[in-house]
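J.: Chains as they are written, first to last, in the UniProt record's numbering: chain A, 1 to 250; chain B, 1 to 250.
A hint or two may mislead.
Taking lysine-lysine pairs in the DSSO-like style, the calculated list, with each CA pair at most 27 Å apart, reads [unchecked claim]:
hint, chain 1, residue 1, chain 2, residue 2
1, A, Lys151, A, Lys51
2, B, Lys60, A, Lys189
3, A, Lys198, B, Lys32
4, A, Lys60, B, Lys175
5, A, Lys173, B, Lys60
6, A, Lys189, B, Lys32
7, B, Lys173, A, Lys60
Keep in mind that the hints were calculated from the coordinates and are not lab data.
There are 2 protein chains.
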Amino acid sequence: MSNVISFYDIPSKTGKPWSGNTWKARYALNYKGIPYKTVWVEYPDIEAAAKQIGAAPTGKRPDGTPLYTCPMIHDPSTNTAVSESLAIAEYLDRQYPDTPRLLPPGTTALQHAFMTVFQPLGGPALQFALPATHRYLTPASEGYFRFHREKAFGKIMETWTPTGPERDVEWAKVKASFNTLDGWLQAGKADGPFFGGKIPCFSDFAVGARLIWYKLIFGEDGEKWKDILTWNEGRWAAYTESLKPYEAVL
Amino acid sequence: MSNVISFYDIPSKTGKPWSGNTWKARYALNYKGIPYKTVWVEYPDIEAAAKQIGAAPTGKRPDGTPLYTCPMIHDPSTNTAVSESLAIAEYLDRQYPDTPRLLPPGTTALQHAFMTVFQPLGGPALQFALPATHRYLTPASEGYFRFHREKAFGKIMETWTPTGPERDVEWAKVKASFNTLDGWLQAGKADGPFFGGKIPCFSDFAVGARLIWYKLIFGEDGEKWKDILTWNEGRWAAYTESLKPYEAVL
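Work out the full structure: start from the sequences and follow the hints.
T.: In structure tokens form, the structure reads like this:
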């Protein structure tokens, strides 16, 4: 095992990381400048990898059995495994106090509240994003991803994305979710462009992770991504640009 | 007119302020130690008072006409009127930069997001709280309050509060809303007992205002308030206690 943090991420056909969940922790590690090494793990292998390093489950499956997810990390310097992005951020802030804070004092409870309201804001986009995601997975992950997502949504993935007039109605809901985020950032504009003010905090990396997920799966030249870049007077173009320094894949 | 800020609040039969909305701004003024004088204004007189000082409406009535609400302030030093608690907090932070911040840099956008998720958390308690509130209003406000609330809810106020087994089901939803708040504060406990960490911020005064409203209308010795004080290992008893230094009525 390496002597740096092992960071467990899910591969894609492109060879690039793509998950809107794992990117939160990757941004966090890069922002803090903590050395790490990516361990690529296919969906069907996440549970075994988690058990091997001792990472806790992050939820339950519909049948009540424990659910293991990426991101997760193993830090050899403390022999500690941590799963779930916010828990990873808290661990890194605590264990590496000389690095920039993801949860500055006086923002932890607020950022937890933010994540509670941010999570469902991603709902309307899932019908567009998940079927697109599916196309990027390697054969080893594809069947697993389809099986569990289709079980949860109750219909085959190819029928999820609306077309025709319904497509416009549903896409407008995605835009509305960004309007909500924009409203909060507008309100804080005297602080700076980020939820963290002049500098990003964990909540910004959660927003950035969602954006980079859309960018990858809708395609940099795709209509949907180009549409997003025009919203809220180009805020999301500037926002993604400003997080680029933290997009290394180590 | 006085040479200190005029703070417009709604009176009650008890002679004490009671509104869960105006308390947010009262806490804010007290916390910052900014001199002010309460101007008591009955519900039917809010609109005229707002227009007199030039305070903007804060929303629209169902029929589309502008809605004027308390709290509002008029600051004679700048001849500025501000309505709505968060806007008042932002004005006070900006205008009185040497006083403790309600929205410390790097928390403004997060606190706006917090208020978006905090507001509907108060929903389940309204069926218990609004009819109780009604009993505290002066005759000048009571008819107005009843008319507009009953129009919005579609039934007479005396039938709102559930009884029997339904009461327990609905009261459990109130408890669940406090569990959510407690969860966020638990997550931030290393920062301190407040959403602001070691010291309160605007979001804490919003929580405190909701609590002090319940305390007044359910009664300090009432079953419901005593119930709340036992929840989340006594967090709300400690929390209300810690905000007592900011409860002056000037």
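J.: If you draw a straight line from the CA of lysine 60/A to the CA of lysine 175/B, is it 27 Å or shorter?
T.: Measuring from Cα to Cα gives roughly 24 Å; hence the hint holds.
J.: Given the proposed pairing of lysine 151/A with lysine 51/A, does the C-alpha separation stay at or below 27 Å?
T.: It holds: about 24 Å lies between the C-alpha atoms, which stays within 27 Å.
J.: For lysine 60/B and lysine 189/A, compute the direct alpha-carbon distance and say whether it is at most 27 Å.
T.: Distance of about 26 Å is within 27 Å: holds.
J.: Does the alpha-carbon distance linking lysine 173/A and lysine 60/B stay inside the 27 Å limit?
T.: Holds: lysine 173/A and lysine 60/B sit about 23 Å apart, inside 27 Å.
J.: Is the Cα-Cα distance between lysine 173/B and lysine 60/A 27 Å or less?
T.: Given that 27 Å is the threshold and the Cα spacing comes to 23 Å, the pair holds.
J.: Take a quick look at whether lysine 189/A and lysine 32/B sit within 27 Å of each other, Cα to Cα.
T.: Holds, at roughly 22 Å.
J.: Is lysine 198/A within 27 Å of lysine 32/B, Cα to Cα?
T.: The hint holds at about 24 Å.
Comparing the model with each earlier hint shows no violations; every hint is respected.
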